[in-house]
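Using the sequences and the accompanying hints, generate a full structural model.
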Amino acid sequence: MSGGAPVAAPTLVPGTQLSGEHAPPPADPARGRRALTAAAFGTVLEWYDFFLYGTAAALVFPTLFFPADDPLTSLLLSFAVFATGFVARPLGGIVSGYLGDRFGRRRVLVATLLTMGLATALIGLLPTHAQIGAAAPVLLVALRLVQGLATGGEWSGAVLLALEQSPLRRGFRGAFISSAVYVGLILGNLASVVLVAVLDEQALLDWGWRVPFVASLVLVAIGWWLRRGVDESPEFAAMLAARREARRPTAEVLRRPRGVLAVFLVRVGVNTTFYVVSVFCLSYASTVVGMPREVTLTALLAGAAVAAVLCPFWGALGDRLGPRRLIIWSLVAFAVLAAPLFLVLDTGSAALVVGVVVAAIGIVNSAADGVQPAYFTAMFDTRVRYSGISIGREAGAIVGGGLAPLAATALLAWSGHWWPIAVMMAVAAVVGLVGTAIAPRE
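In numbering that gives the first Met the number 0, the protein residues as written are 0 to 441.
The hints are simulated quantities; they were obtained by calculation from the structure and are not laboratory data.
Just so you know, these numbers come straight off a predicted model, no measurement behind them.
Among the hints, erroneous ones may be present.
[As the list claims (entries may be wrong)] Cβ pair distances, simulated, as ranges: (1) A412 - L216: 35 to 43 Å; (2) T72 - F312: 37 to 45 Å; (3) A129 - I437: 49 to 57 Å; (4) R168 - D199: 43 to 51 Å; (5) A133 - L90: 35 to 43 Å; (6) V86 - R254: 20 to 28 Å; (7) A129 - R168: 47 to 55 Å; (8) P66 - A29: 33 to 41 Å.
Note that CB positions come from ideal geometry on N, CA and C, so glycine has one too.
Have a look at this one:
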(Lines of atoms letter the chains of each structure in order from A; the text may use other names.)
(Lines give C-alpha, C1' and ligand atoms only; values in the text may rest on other atoms or scores of the structure.)
Protein backbone atom coordinates (compact mmCIF):
# COMPACT_ATOMS: atom_id res chain seq x y z
CA MET A 0 0.00 0.00 0.00
CA SER A 1 1.70 3.16 -1.14
CA GLY A 2 1.21 6.44 0.64
CA GLY A 3 -1.13 7.71 -2.05
CA ALA A 4 -3.09 4.57 -2.87
CA PRO A 5 -6.46 3.54 -1.49
CA VAL A 6 -6.48 0.84 1.17
CA ALA A 7 -7.45 -2.64 0.05
CA ALA A 8 -7.15 -5.07 2.93
CA PRO A 9 -5.59 -8.43 2.02
CA THR A 10 -7.80 -11.32 2.99
CA LEU A 11 -5.80 -14.30 1.77
CA VAL A 12 -2.38 -15.74 2.33
CA PRO A 13 -0.37 -15.00 -0.82
CA GLY A 14 -0.77 -17.70 -3.39
CA THR A 15 -4.17 -18.95 -2.17
CA GLN A 16 -7.72 -18.23 -3.22
CA LEU A 17 -11.14 -18.83 -1.77
CA SER A 18 -13.69 -19.76 -4.38
CA GLY A 19 -17.03 -21.44 -4.84
CA GLU A 20 -18.87 -22.28 -1.62
CA HIS A 21 -15.94 -21.03 0.51
CA ALA A 22 -15.76 -17.56 -1.00
CA PRO A 23 -17.13 -14.66 1.12
CA PRO A 24 -20.72 -13.85 0.13
CA PRO A 25 -21.45 -10.62 -1.75
CA ALA A 26 -21.52 -7.58 0.51
CA ASP A 27 -24.93 -7.05 2.12
CA PRO A 28 -25.41 -3.32 2.91
CA ALA A 29 -28.05 -3.96 5.59
CA ARG A 30 -25.92 -6.59 7.27
CA GLY A 31 -22.92 -4.27 7.10
CA ARG A 32 -24.85 -1.46 8.76
CA ARG A 33 -26.02 -3.75 11.57
CA ALA A 34 -22.48 -4.92 12.20
CA LEU A 35 -21.11 -1.38 12.17
CA THR A 36 -23.82 -0.18 14.58
CA ALA A 37 -23.23 -3.04 17.02
CA ALA A 38 -19.46 -2.65 16.85
CA ALA A 39 -19.58 1.13 17.31
CA PHE A 40 -22.09 1.12 20.18
CA GLY A 41 -20.10 -1.45 22.11
CA THR A 42 -16.97 0.60 21.54
CA VAL A 43 -18.73 3.68 22.93
CA LEU A 44 -19.50 1.76 26.10
CA GLU A 45 -16.03 0.26 26.49
CA TRP A 46 -14.34 3.62 26.15
CA TYR A 47 -16.90 5.45 28.26
CA ASP A 48 -15.89 3.10 31.03
CA PHE A 49 -12.16 3.40 30.36
CA PHE A 50 -12.09 7.20 30.08
CA LEU A 51 -14.41 7.60 33.05
CA TYR A 52 -11.65 6.16 35.17
CA GLY A 53 -9.11 8.57 33.67
CA THR A 54 -11.19 11.59 34.66
CA ALA A 55 -11.80 10.23 38.14
CA ALA A 56 -8.06 9.50 38.49
CA ALA A 57 -7.35 13.19 37.94
CA LEU A 58 -10.20 14.68 39.97
CA VAL A 59 -11.35 12.48 42.88
CA PHE A 60 -9.36 9.25 43.25
CA PRO A 61 -6.24 10.93 44.73
CA THR A 62 -8.34 12.09 47.68
CA LEU A 63 -10.55 9.01 48.05
CA PHE A 64 -8.12 6.16 47.51
CA PHE A 65 -4.59 7.59 47.87
CA PRO A 66 -4.64 10.19 50.66
CA ALA A 67 -1.21 11.72 51.28
CA ASP A 68 0.21 14.90 52.77
CA ASP A 69 1.55 15.93 49.37
CA PRO A 70 -1.17 16.35 46.67
CA LEU A 71 1.38 15.63 43.92
CA THR A 72 2.20 12.27 45.56
CA SER A 73 -1.49 11.38 45.67
CA LEU A 74 -1.82 12.30 42.00
CA LEU A 75 1.20 10.16 41.10
CA LEU A 76 -0.29 7.16 42.89
CA SER A 77 -3.64 7.69 41.19
CA PHE A 78 -2.03 7.85 37.74
CA ALA A 79 0.02 4.77 38.58
CA VAL A 80 -3.22 2.83 39.00
CA PHE A 81 -4.50 4.46 35.81
CA ALA A 82 -1.44 2.96 34.11
CA THR A 83 -2.21 -0.57 35.37
CA GLY A 84 -5.18 -0.68 33.01
CA PHE A 85 -2.79 -0.18 30.12
CA VAL A 86 -0.38 -2.82 31.43
CA ALA A 87 -3.21 -5.36 31.28
CA ARG A 88 -4.28 -4.39 27.76
CA PRO A 89 -1.59 -6.35 25.84
CA LEU A 90 -2.53 -9.50 27.76
CA GLY A 91 -6.18 -8.85 26.93
CA GLY A 92 -5.15 -8.27 23.32
CA ILE A 93 -3.25 -11.56 23.14
CA VAL A 94 -6.12 -13.56 24.65
CA SER A 95 -8.82 -11.83 22.61
CA GLY A 96 -6.74 -11.99 19.45
CA TYR A 97 -6.17 -15.72 19.85
CA LEU A 98 -9.83 -16.43 20.53
CA GLY A 99 -11.00 -14.03 17.83
CA ASP A 100 -8.76 -15.56 15.18
CA ARG A 101 -9.68 -19.08 16.21
CA PHE A 102 -13.39 -18.89 17.03
CA GLY A 103 -14.78 -15.62 15.73
CA ARG A 104 -14.90 -11.88 16.28
CA ARG A 105 -18.49 -11.58 17.55
CA ARG A 106 -18.21 -13.96 20.51
CA VAL A 107 -15.10 -12.24 21.80
CA LEU A 108 -16.70 -8.81 21.51
CA VAL A 109 -19.71 -9.90 23.56
CA ALA A 110 -17.34 -11.17 26.26
CA THR A 111 -15.24 -7.99 26.37
CA LEU A 112 -18.38 -5.88 26.64
CA LEU A 113 -19.77 -7.78 29.61
CA THR A 114 -16.41 -7.91 31.38
CA MET A 115 -15.81 -4.18 31.06
CA GLY A 116 -19.32 -3.25 32.19
CA LEU A 117 -19.19 -5.41 35.30
CA ALA A 118 -15.74 -4.16 36.34
CA THR A 119 -16.79 -0.53 35.91
CA ALA A 120 -19.96 -0.97 37.96
CA LEU A 121 -17.96 -2.62 40.76
CA ILE A 122 -15.54 0.33 40.85
CA GLY A 123 -18.56 2.53 41.52
CA LEU A 124 -19.44 0.37 44.52
CA LEU A 125 -15.98 0.25 46.11
CA PRO A 126 -15.46 1.48 49.68
CA THR A 127 -12.82 4.20 49.98
CA HIS A 128 -9.51 4.34 51.84
CA ALA A 129 -11.20 6.06 54.77
CA GLN A 130 -13.62 3.13 55.08
CA ILE A 131 -11.41 0.04 54.65
CA GLY A 132 -7.87 1.37 54.53
CA ALA A 133 -5.25 -0.11 52.22
CA ALA A 134 -7.68 -2.72 50.85
CA ALA A 135 -9.47 0.04 48.91
CA PRO A 136 -6.62 0.87 46.48
CA VAL A 137 -5.83 -2.86 46.15
CA LEU A 138 -9.38 -3.56 44.99
CA LEU A 139 -9.25 -0.54 42.70
CA VAL A 140 -6.07 -1.87 41.09
CA ALA A 141 -7.66 -5.31 40.60
CA LEU A 142 -10.73 -3.88 38.88
CA ARG A 143 -8.61 -1.56 36.77
CA LEU A 144 -6.67 -4.61 35.57
CA VAL A 145 -9.95 -6.26 34.57
CA GLN A 146 -10.90 -3.12 32.66
CA GLY A 147 -7.58 -3.29 30.84
CA LEU A 148 -8.06 -6.95 29.93
CA ALA A 149 -11.45 -6.18 28.40
CA THR A 150 -10.27 -3.08 26.55
CA GLY A 151 -7.32 -4.97 25.09
CA GLY A 152 -9.59 -6.93 22.77
CA GLU A 153 -12.28 -4.36 22.05
CA TRP A 154 -10.98 -1.94 19.42
CA SER A 155 -9.42 -4.53 17.15
CA GLY A 156 -12.45 -6.81 17.27
CA ALA A 157 -14.88 -3.97 16.64
CA VAL A 158 -12.84 -2.80 13.66
CA LEU A 159 -12.76 -6.28 12.14
CA LEU A 160 -16.45 -6.93 12.75
CA ALA A 161 -17.21 -3.70 10.87
CA LEU A 162 -14.60 -3.79 8.08
CA GLU A 163 -14.62 -7.47 7.17
CA GLN A 164 -18.21 -7.12 5.99
CA SER A 165 -17.09 -5.45 2.76
CA PRO A 166 -13.84 -4.46 0.99
CA LEU A 167 -15.35 -1.13 -0.10
CA ARG A 168 -14.64 2.24 1.56
CA ARG A 169 -12.91 0.67 4.53
CA GLY A 170 -11.34 3.95 5.56
CA PHE A 171 -14.74 5.61 5.84
CA ARG A 172 -16.39 2.65 7.59
CA GLY A 173 -13.57 2.13 10.04
CA ALA A 174 -13.56 5.80 11.00
CA PHE A 175 -16.92 5.33 12.73
CA ILE A 176 -15.22 3.00 15.21
CA SER A 177 -12.72 5.78 15.90
CA SER A 178 -15.61 8.21 16.31
CA ALA A 179 -17.15 5.82 18.81
CA VAL A 180 -14.02 6.05 20.97
CA TYR A 181 -14.44 9.82 21.11
CA VAL A 182 -18.14 9.51 21.90
CA GLY A 183 -17.15 7.28 24.81
CA LEU A 184 -14.71 9.97 25.93
CA ILE A 185 -17.47 12.58 25.65
CA LEU A 186 -19.92 10.56 27.72
CA GLY A 187 -17.33 9.73 30.35
CA ASN A 188 -16.26 13.34 30.76
CA LEU A 189 -19.74 14.79 30.34
CA ALA A 190 -20.78 12.78 33.37
CA SER A 191 -17.96 14.47 35.31
CA VAL A 192 -18.84 17.93 33.99
CA VAL A 193 -22.44 17.54 35.11
CA LEU A 194 -21.46 16.23 38.54
CA VAL A 195 -18.90 18.98 39.12
CA ALA A 196 -21.46 21.58 38.07
CA VAL A 197 -24.41 20.41 40.18
CA LEU A 198 -22.71 18.99 43.29
CA ASP A 199 -20.56 20.65 45.89
CA GLU A 200 -17.13 19.22 46.64
CA GLN A 201 -18.27 17.12 49.58
CA ALA A 202 -21.24 15.56 47.80
CA LEU A 203 -19.05 14.75 44.81
CA LEU A 204 -16.55 12.93 47.03
CA ASP A 205 -19.19 11.26 49.20
CA TRP A 206 -21.38 9.69 46.53
CA GLY A 207 -21.62 11.69 43.31
CA TRP A 208 -18.55 10.16 41.62
CA ARG A 209 -20.13 6.69 41.90
CA VAL A 210 -23.18 7.43 39.76
CA PRO A 211 -21.60 7.31 36.25
CA PHE A 212 -19.73 4.11 37.08
CA VAL A 213 -22.84 2.20 38.15
CA ALA A 214 -24.88 3.70 35.28
CA SER A 215 -22.70 1.85 32.78
CA LEU A 216 -24.81 -1.25 33.44
CA VAL A 217 -27.62 0.28 31.36
CA LEU A 218 -25.30 0.70 28.38
CA VAL A 219 -24.02 -2.85 28.84
CA ALA A 220 -27.50 -4.26 28.45
CA ILE A 221 -28.07 -2.35 25.19
CA GLY A 222 -24.67 -3.26 23.79
CA TRP A 223 -25.10 -6.94 24.68
CA TRP A 224 -28.44 -7.05 22.87
CA LEU A 225 -26.99 -5.41 19.75
CA ARG A 226 -23.90 -7.58 19.50
CA ARG A 227 -25.72 -10.85 20.08
CA GLY A 228 -27.84 -10.16 17.00
CA VAL A 229 -24.93 -9.66 14.58
CA ASP A 230 -23.67 -12.39 12.26
CA GLU A 231 -20.02 -13.35 12.17
CA SER A 232 -17.69 -11.55 9.76
CA PRO A 233 -18.13 -13.01 6.22
CA GLU A 234 -14.36 -13.05 5.69
CA PHE A 235 -13.83 -15.01 8.88
CA ALA A 236 -16.72 -17.38 8.15
CA ALA A 237 -15.33 -18.07 4.66
CA MET A 238 -11.90 -18.75 6.15
CA LEU A 239 -13.39 -21.26 8.59
CA ALA A 240 -15.31 -22.95 5.78
CA ALA A 241 -12.04 -23.35 3.88
CA ARG A 242 -10.35 -24.65 7.07
CA ARG A 243 -7.67 -21.99 6.84
CA GLU A 244 -7.81 -20.78 10.43
CA ALA A 245 -4.49 -20.41 12.24
CA ARG A 246 -3.91 -22.96 14.97
CA ARG A 247 -1.50 -20.67 16.80
CA PRO A 248 -2.26 -17.16 15.53
CA THR A 249 -0.07 -15.39 18.09
CA ALA A 250 3.02 -17.38 17.17
CA GLU A 251 2.25 -17.13 13.47
CA VAL A 252 1.93 -13.36 13.40
CA LEU A 253 5.06 -12.88 15.50
CA ARG A 254 7.17 -14.93 13.09
CA ARG A 255 6.89 -11.95 10.74
CA PRO A 256 6.73 -9.11 13.26
CA ARG A 257 7.09 -6.14 10.91
CA GLY A 258 3.37 -5.31 10.95
CA VAL A 259 3.09 -5.74 14.72
CA LEU A 260 6.11 -3.50 15.28
CA ALA A 261 4.75 -0.85 12.92
CA VAL A 262 1.40 -0.76 14.72
CA PHE A 263 3.20 -0.56 18.07
CA LEU A 264 5.36 2.40 17.06
CA VAL A 265 2.53 4.33 15.44
CA ARG A 266 0.39 3.90 18.55
CA VAL A 267 3.22 5.09 20.80
CA GLY A 268 3.46 8.26 18.74
CA VAL A 269 -0.25 8.98 18.57
CA ASN A 270 -1.20 7.86 22.09
CA THR A 271 1.47 9.85 23.91
CA THR A 272 0.14 13.24 22.83
CA PHE A 273 -3.48 12.18 23.20
CA TYR A 274 -3.14 10.99 26.79
CA VAL A 275 -0.91 13.84 27.85
CA VAL A 276 -3.59 16.24 26.62
CA SER A 277 -6.68 14.31 27.73
CA VAL A 278 -5.46 13.13 31.16
CA PHE A 279 -2.32 14.93 32.36
CA CYS A 280 -3.21 18.41 31.12
CA LEU A 281 -6.53 18.15 32.93
CA SER A 282 -4.74 17.90 36.27
CA TYR A 283 -1.95 20.33 35.26
CA ALA A 284 -4.42 23.08 34.44
CA SER A 285 -6.33 22.50 37.68
CA THR A 286 -3.48 22.00 40.16
CA VAL A 287 -0.63 24.07 38.66
CA VAL A 288 -2.36 26.84 36.69
CA GLY A 289 -5.38 27.00 38.99
CA MET A 290 -8.03 26.89 36.29
CA PRO A 291 -11.54 25.76 37.28
CA ARG A 292 -12.22 22.08 36.59
CA GLU A 293 -15.23 23.01 34.48
CA VAL A 294 -12.97 24.81 31.97
CA THR A 295 -10.56 21.93 31.43
CA LEU A 296 -13.35 19.36 31.21
CA THR A 297 -15.24 21.55 28.74
CA ALA A 298 -12.11 21.92 26.59
CA LEU A 299 -11.73 18.15 26.50
CA LEU A 300 -15.39 17.70 25.59
CA ALA A 301 -15.13 20.23 22.78
CA GLY A 302 -12.04 18.54 21.37
CA ALA A 303 -13.64 15.10 21.50
CA ALA A 304 -16.86 16.37 19.90
CA VAL A 305 -14.96 17.85 16.96
CA ALA A 306 -12.95 14.64 16.63
CA ALA A 307 -16.06 12.45 16.63
CA VAL A 308 -17.48 14.51 13.76
CA LEU A 309 -14.25 14.72 11.74
CA CYS A 310 -13.13 11.07 11.95
CA PRO A 311 -15.40 9.92 9.06
CA PHE A 312 -14.12 12.83 6.97
CA TRP A 313 -10.52 11.77 7.60
CA GLY A 314 -11.42 8.14 6.90
CA ALA A 315 -12.96 9.06 3.55
CA LEU A 316 -9.94 11.22 2.72
CA GLY A 317 -7.71 8.30 3.62
CA ASP A 318 -9.56 6.16 1.08
CA ARG A 319 -8.51 8.67 -1.57
CA LEU A 320 -5.00 9.69 -0.47
CA GLY A 321 -3.89 6.66 1.52
CA PRO A 322 -3.96 6.52 5.34
CA ARG A 323 -0.19 6.51 5.77
CA ARG A 324 0.08 10.05 4.43
CA LEU A 325 -2.49 11.38 6.92
CA ILE A 326 -0.80 9.66 9.85
CA ILE A 327 2.55 11.20 8.90
CA TRP A 328 0.99 14.65 8.72
CA SER A 329 -0.62 14.16 12.12
CA LEU A 330 2.59 13.03 13.83
CA VAL A 331 4.49 16.04 12.50
CA ALA A 332 1.71 18.32 13.75
CA PHE A 333 1.89 16.68 17.21
CA ALA A 334 5.56 17.58 17.49
CA VAL A 335 4.93 21.17 16.40
CA LEU A 336 2.03 21.63 18.86
CA ALA A 337 3.80 20.31 21.97
CA ALA A 338 5.31 23.56 23.29
CA PRO A 339 2.43 25.88 22.21
CA LEU A 340 0.02 23.61 24.08
CA PHE A 341 1.66 24.36 27.43
CA LEU A 342 2.26 28.01 26.63
CA VAL A 343 -1.48 28.36 26.11
CA LEU A 344 -2.29 26.42 29.29
CA ASP A 345 -0.05 28.75 31.29
CA THR A 346 -2.02 31.80 30.13
CA GLY A 347 -5.06 30.59 32.08
CA SER A 348 -7.30 31.88 29.29
CA ALA A 349 -10.35 29.64 28.98
CA ALA A 350 -10.91 30.51 25.32
CA LEU A 351 -7.30 29.80 24.34
CA VAL A 352 -7.23 26.54 26.29
CA VAL A 353 -10.38 25.31 24.56
CA GLY A 354 -8.91 26.32 21.20
CA VAL A 355 -5.61 24.49 21.61
CA VAL A 356 -7.28 21.33 22.94
CA VAL A 357 -9.67 21.35 19.97
CA ALA A 358 -6.69 21.69 17.63
CA ALA A 359 -4.71 18.89 19.29
CA ILE A 360 -7.50 16.36 19.82
CA GLY A 361 -10.30 17.48 17.53
CA ILE A 362 -8.23 18.00 14.39
CA VAL A 363 -4.73 16.50 14.62
CA ASN A 364 -5.44 13.40 16.69
CA SER A 365 -8.70 12.63 14.89
CA ALA A 366 -6.85 12.61 11.55
CA ALA A 367 -4.52 9.88 12.81
CA ASP A 368 -7.26 7.93 14.56
CA GLY A 369 -9.73 8.18 11.70
CA VAL A 370 -7.54 6.23 9.27
CA GLN A 371 -5.95 3.73 11.63
CA PRO A 372 -8.67 1.04 11.37
CA ALA A 373 -8.17 0.67 7.61
CA TYR A 374 -4.40 1.20 7.86
CA PHE A 375 -3.85 -1.49 10.49
CA THR A 376 -6.32 -3.96 8.94
CA ALA A 377 -4.45 -3.85 5.63
CA MET A 378 -1.22 -4.99 7.27
CA PHE A 379 -2.41 -8.50 8.18
CA ASP A 380 -4.05 -11.57 6.66
CA THR A 381 -7.52 -12.56 7.91
CA ARG A 382 -6.24 -15.61 9.79
CA VAL A 383 -3.99 -13.59 12.13
CA ARG A 384 -5.46 -10.11 11.80
CA TYR A 385 -7.12 -9.90 15.23
CA SER A 386 -3.91 -11.03 16.95
CA GLY A 387 -1.61 -8.81 14.91
CA ILE A 388 -3.55 -5.60 15.46
CA SER A 389 -4.28 -6.30 19.13
CA ILE A 390 -0.71 -7.17 20.12
CA GLY A 391 0.85 -4.17 18.40
CA ARG A 392 -1.83 -1.68 19.34
CA GLU A 393 -2.17 -2.63 22.99
CA ALA A 394 1.57 -2.92 23.59
CA GLY A 395 1.82 0.62 22.23
CA ALA A 396 -0.92 1.63 24.64
CA ILE A 397 1.32 0.84 27.62
CA VAL A 398 4.03 3.26 26.53
CA GLY A 399 1.97 5.92 24.81
CA GLY A 400 -1.10 5.71 27.04
CA GLY A 401 -0.57 4.25 30.49
CA LEU A 402 2.94 5.60 31.08
CA ALA A 403 2.49 8.98 29.41
CA PRO A 404 0.48 10.76 32.17
CA LEU A 405 2.66 9.11 34.83
CA ALA A 406 5.87 10.14 33.06
CA ALA A 407 4.56 13.66 32.50
CA THR A 408 3.72 14.02 36.20
CA ALA A 409 7.14 12.69 37.22
CA LEU A 410 8.90 15.05 34.80
CA LEU A 411 6.96 17.99 36.21
CA ALA A 412 7.90 17.00 39.76
CA TRP A 413 11.57 16.64 38.75
CA SER A 414 11.98 19.81 36.70
CA GLY A 415 9.23 22.07 37.99
CA HIS A 416 8.49 23.03 34.39
CA TRP A 417 6.62 21.67 31.39
CA TRP A 418 9.45 21.78 28.83
CA PRO A 419 10.62 18.14 29.41
CA ILE A 420 7.03 17.02 28.77
CA ALA A 421 6.95 18.89 25.45
CA VAL A 422 10.23 17.20 24.48
CA MET A 423 8.76 13.82 25.40
CA MET A 424 5.78 14.47 23.12
CA ALA A 425 8.02 15.45 20.21
CA VAL A 426 10.21 12.36 20.63
CA ALA A 427 7.09 10.17 20.69
CA ALA A 428 5.97 11.68 17.39
CA VAL A 429 9.32 10.74 15.83
CA VAL A 430 8.84 7.18 17.11
CA GLY A 431 5.48 7.09 15.35
CA LEU A 432 7.08 8.26 12.11
CA VAL A 433 9.51 5.36 12.30
CA GLY A 434 6.48 3.06 12.51
CA THR A 435 5.04 4.43 9.28
CA ALA A 436 8.41 3.96 7.59
CA ILE A 437 8.66 0.25 8.39
CA ALA A 438 4.94 -0.62 7.95
CA PRO A 439 4.19 -3.31 5.34
CA ARG A 440 2.95 -1.91 2.05
CA GLU A 441 1.29 -3.51 -0.94
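To see whether the hints hold, each was checked on the structure:
The beta-carbon spacing between A412 and L216, approximately 38 Å, falls within the hinted interval of 35 to 43 Å. For T72 paired with F312, a C-beta distance near 43 Å keeps the hint of 37 to 45 Å intact. One distance hint, 49 to 57 Å for the beta-carbon pair A129 and I437, holds here, with the actual separation near 50 Å. In this structure the supplied range 43 to 51 Å holds for R168 paired with D199, their Cβ-Cβ distance being about 50 Å.
Range check, A133 to L90: about 25 Å between beta-carbon atoms, so the 35 to 43 Å window is missed. Take V86 and R254: their Cβ atoms lie about 25 Å apart, and the range 20 to 28 Å holds. Distance hint check: the CB atoms of A129 and R168 are about 54 Å apart, consistent with the given range 47 to 55 Å. At roughly 54 Å, the beta-carbon separation of P66 and A29 lies outside the given 33 to 41 Å, and the hint is violated.
Hints 5, 8, counting from the list given before, are not met by this structure.
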